[in-house]
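There are 2 protein chains.
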Amino acid sequence: MKQNKYDDDVFFSKYSKMRRSREGLEGAGEWHELVKMLPDFHGKRVLDLGCGFGWHCQYALDYGARSVTGVDISEKMLLEAKARTSPVIRYICLPMEDIDFPADSFDVVISSLAFHYVQFFKDIVGKVAACLSSHGEFVFSVEHPIFTACGTQDWHYDGQGNRLHWPVDQYFTESKRDARFLGESVTKYHRTLTTYVSNLLELGFEVTGLVEPTPPEDWLHTVSGMSDELRRPMMLLISGKRKS
Amino acid sequence: MKQNKYDDDVFFSKYSKMRRSREGLEGAGEWHELVKMLPDFHGKRVLDLGCGFGWHCQYALDYGARSVTGVDISEKMLLEAKARTSPVIRYICLPMEDIDFPADSFDVVISSLAFHYVQFFKDIVGKVAACLSSHGEFVFSVEHPIFTACGTQDWHYDGQGNRLHWPVDQYFTESKRDARFLGESVTKYHRTLTTYVSNLLELGFEVTGLVEPTPPEDWLHTVSGMSDELRRPMMLLISGKRKS
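First to last, the protein sequences are chains A and B. Residue numbers for the first sequence follow this note's numbering, so the first one is 14 and each next one is one higher. Residue numbers for the second sequence follow this note's numbering, so the first one is 14 and each next one is one higher.
Source of the hints: derived by calculation from the structure; they are not laboratory data. No experiment lies behind these values; they were computed from the predicted model shown. Don't take each hint at face value.
Since the list can't tell identical chains apart, any single copy or any two copies may satisfy a pair.
To be verified - DSS-like mimics (lysine-lysine), calculated; alpha carbons at most 27 Å apart, straight line:
1) 49 to 254
2) 135 to 49
3) 30 to 57
The following block holds chain A by itself, in its conformation from the complex:
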């Protein structure tokens, strides 16, 4: 059973209130790093896996993509995407695990913070490789393995509620985690950095970039608690290119 948490009314409502949902790309703390890793979209056929509200789809279109396809399991997300973004973007309501595009369908595949909801990463990479053009590019972000390892996704506190440090445990146990996100219970899948990188290499990708983003400099001074984001990595951004 593939998880469709974003069609849950309460969760969706909370997600819609997040800064990244309201403000789009500029409201996402990792965007300033992710954007540097994106290829030139001009004339490219672009696929976005787990496209959500369609912010990245619209960006690709704005920057010259010839065609853009967004895939998401959640009907609610896609309704929002259709309302907010260009009608030329093709949205498909489908679990990303079920994509089955013909060879050479896309020149660029992107995915933002979606793969940690997927149990079998290697299968996804295989499907991406299968539908990408020769030397096609693949850029994605996920929650960092250090962030997903414990499962609780919270700091370790002292008796006074101060954040002492970030706890890591069960790192090499790759499996489901019952995480808390927006006060709700959400299933995520923890996997190691080794798995993320090795699966890409094994399936014929060259790793062209790997970045653990820190927040934009001005957020550190203006957003409460943001300096704690320098204490542990929360996200992992990887870019790759098909070697043949």
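Using the hints, position chain B against chain A.
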């Protein structure tokens, strides 16, 4: 001032008693993974940075290297290396930061658990790139950024002395850490995974492998406390290849 902790009598004596010092490669918990990442040494000119007792130098020689050079800052380490390994291996007593070999001096550069003692990783990568042959290979291990982040290099315990989890803090603060190793104070340098990988990419390497090793299966059952090694990554192994 480059650190030469291994010429400290007490530290050296303790280091010499470690399983990896007494037993060599088979006594090192990461060797079974590192060995898979090493290239075919046959006919190659090999450099080992921070060669210590010379175990990896001897391995390269045993597996067909045409010539082997080991560099280490510690005279004590090199005395041991000379006593234990083949006289055809050339040992140079020098901080690895000071190497200055001509272009195309080596086909393979290896380094085992030494770069976390070095302040400027990118400088080392530049020097490695400069002396490697075209498409030359570079394989190294370091302590994992998750292991070096806090500096204390110890678990977080409960009141009864149980290991609760591994603490992570100051992850994005790349600087010196006063670590405890073998009960002694040792200076190490923490840097992020981003830095390790990005520096390699920036200096013209393709990343061909990235592994966070777990202990050999049989150690988990025979060595006390070894199962805790599955709770957090301790080492990071990376292999790369000059792209031109």
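Requested in this report: Evaluate residue 49 and residue 254 at a C-alpha cut-off of 27 Å and name the case that applies: within, between, both or neither.
Outcome: both (15 Å within a copy, 24 Å between copies)
Query raised in the report: Should residue 135 paired with residue 49 be assigned to within, between, both, or neither, using CA atoms and 27 Å as the limit?
Result: both (25 Å within a copy, 21 Å between copies)
Query raised in the report: Is the C-alpha distance from residue 30 to residue 57 at most 27 Å within one copy, between copies, in both cases, or in neither?
Result: neither (32 Å within a copy, 59 Å between copies)
Consistency note: the structure conflicts with earlier hint 3 alone.
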